[in-house]
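Novice: Sequence:
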Amino acid sequence: MVVVCPRILPGCRLSQITRLLSTKAASVNGTKVEVLGREYTGDHMTNVTPHLLSHIGRDLHLQPHHPLRHVAQRVTQHMYRQYLSPRGNPLFSVHSQLHPVVTTHQNFDSLLIPKDHVSRKKSDNFYINETHLLRAHTSAHQSELISMGFDNFLVIGDVYRRDDIDASHYPVFHQLEGVRLCTLKELYGTHQNMDAYHLFENGERTEDHQGVHSAEAARRMEAELKGCLLGLATSLFGQDTEVRWVDAYFPFTHPSWELEVQINGEWVELLGCGIMEQEILANAGVQDKIGWAFGLGLERWAMKLYGIPDIRLFWSTDSGFLSQFRFDDPATPVTYKAVSKYNPCINDISFWLPKDQQYESADFYDLVRSVGGSLVEQVNLVDSFTHPKKQLTSHCYRIVYRHMERVLTQEEVNDVHRKIEQEAASSLQVSIRITPIVCRGGREQMTEPMSSQ
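Oh and the sequence shown: position 453 is 453 in my numbering, straight run, nothing missing.
Everything labelled a hint here was simulated from the structure, so no lab data went into it. Do not take every clue at face value.
Claimed, not checked - List of simulated lysine-lysine pairs, DSS-like, C-alpha gap at most 27 Å:
| hint | residue 1 | residue 2 |
| --- | --- | --- |
| 1 | K355 | K390 |
| 2 | K304 | K122 |
| 3 | K341 | K304 |
As the list claims (entries may be wrong) - The following label-pair restraints were derived from C-beta to C-beta distances:
| hint | residue 1 | residue 2 | range |
| --- | --- | --- | --- |
| 4 | K115 | E360 | 19 to 25 Å |
| 5 | F200 | D329 | 39 to 45 Å |
| 6 | Q391 | Y249 | 35 to 41 Å |
All residues carry an ideal CB built from backbone N, CA and C; glycine is no exception.
Model the full assembly from the supplied sequences, consistent with the hints where possible.
Specialist: What follows is the structure in structure tokens.
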């Protein structure tokens, strides 16, 4: 049985940038935005961008024959096979259309994330306003689904984070979350003397288990969780795949682990997991169960499984990419073959930071994404210095432009680059310096880079 939940959570998206953006699912004008029929007003925390809003409604994980959908289906099928009801039906329900806008309580407080935790920072998240944001992880829906009575479920959806710009990071990506709750009988089975078995105790918290869990209950839950996920990893990457567990820390699970696999001689993190903090279950109204949870990134799995080199490809509508995954059986083995590898164009931009105004690189990265869109492959801060007399700080960023489907001309790259300069000066109050330009691979070559002044 598959349960697909509609977009029922309150939501909106908003932009500080006073320009009009219209898409199938969202529109924003000034500080007002309407998304899926709901309108919100921004405040001092608002930092979503028009470029981000343009991804609303794409739902790549639901698109037929998309590689992300194939991976999600394979994970779902594994969980269906692993856990069956006495009548032979899958225990796990699937929630793949929950609204991506959540409250700060859902995204942080319900998961016991401390008020001063770095993950709450405005520079790491896309805030709608002070009380709402685009979910940073699918874990934001855990408590609500548990309080609704779901004991075994998967949440699949798009998540949003302000991050670096490179071939493996994108402000929108997709996660799959799994949660399983067990009663005493489900964990230990049926025995003549059930009084000898316990889920809870009043003990001390250790590295191996929470103080409220009995040592045996924690051991059994760990064994079940790791057995399930090892089976998942080997079913997708092969029975001979070398794997290892690494101790980890997450505010919402204890103990916690990361699963790594060796691919092409390199250890790669595949997922994070752990025994759910009992306080989360208690706050959701569950007193007689113990739970585990795991989360994985669909893009990461697909890139490793199919050999896809650039995360932007998942958003491509080019048939040369999508046709390689046009099959019905998600277990079909395939290795991505590049349609073509076009050379990049590389331009630098240098500017003085505003002296009396707060500046964060994440704001510039968002601006570059908004103006340059998918043409931007990577942005790196390559130089930073403070002028001893002026007491002004200068940043120099290197922007790598590369089209996924054709060769870019230097003229069109320069046009985008000028728009980025203009928008940076206007929105971020920076002072553009004479910009050094390093161009490689376009149809028109620059003979020498310009010197910085």
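Novice: Taking the hints in turn, state whether each one holds.
Specialist: Verification of the hints:
no.: 1; hint: K355 x K390; in the structure: 10 Å, holds
no.: 2; hint: K304 x K122; in the structure: 31 Å, violated
no.: 3; hint: K341 x K304; in the structure: 19 Å, holds
no.: 4; hint: K115 x E360: 19 to 25 Å; in the structure: 20 Å, holds
no.: 5; hint: F200 x D329: 39 to 45 Å; in the structure: 44 Å, holds
no.: 6; hint: Q391 x Y249: 35 to 41 Å; in the structure: 40 Å, holds
The structure fails hint 2 only (numbered hints given earlier).
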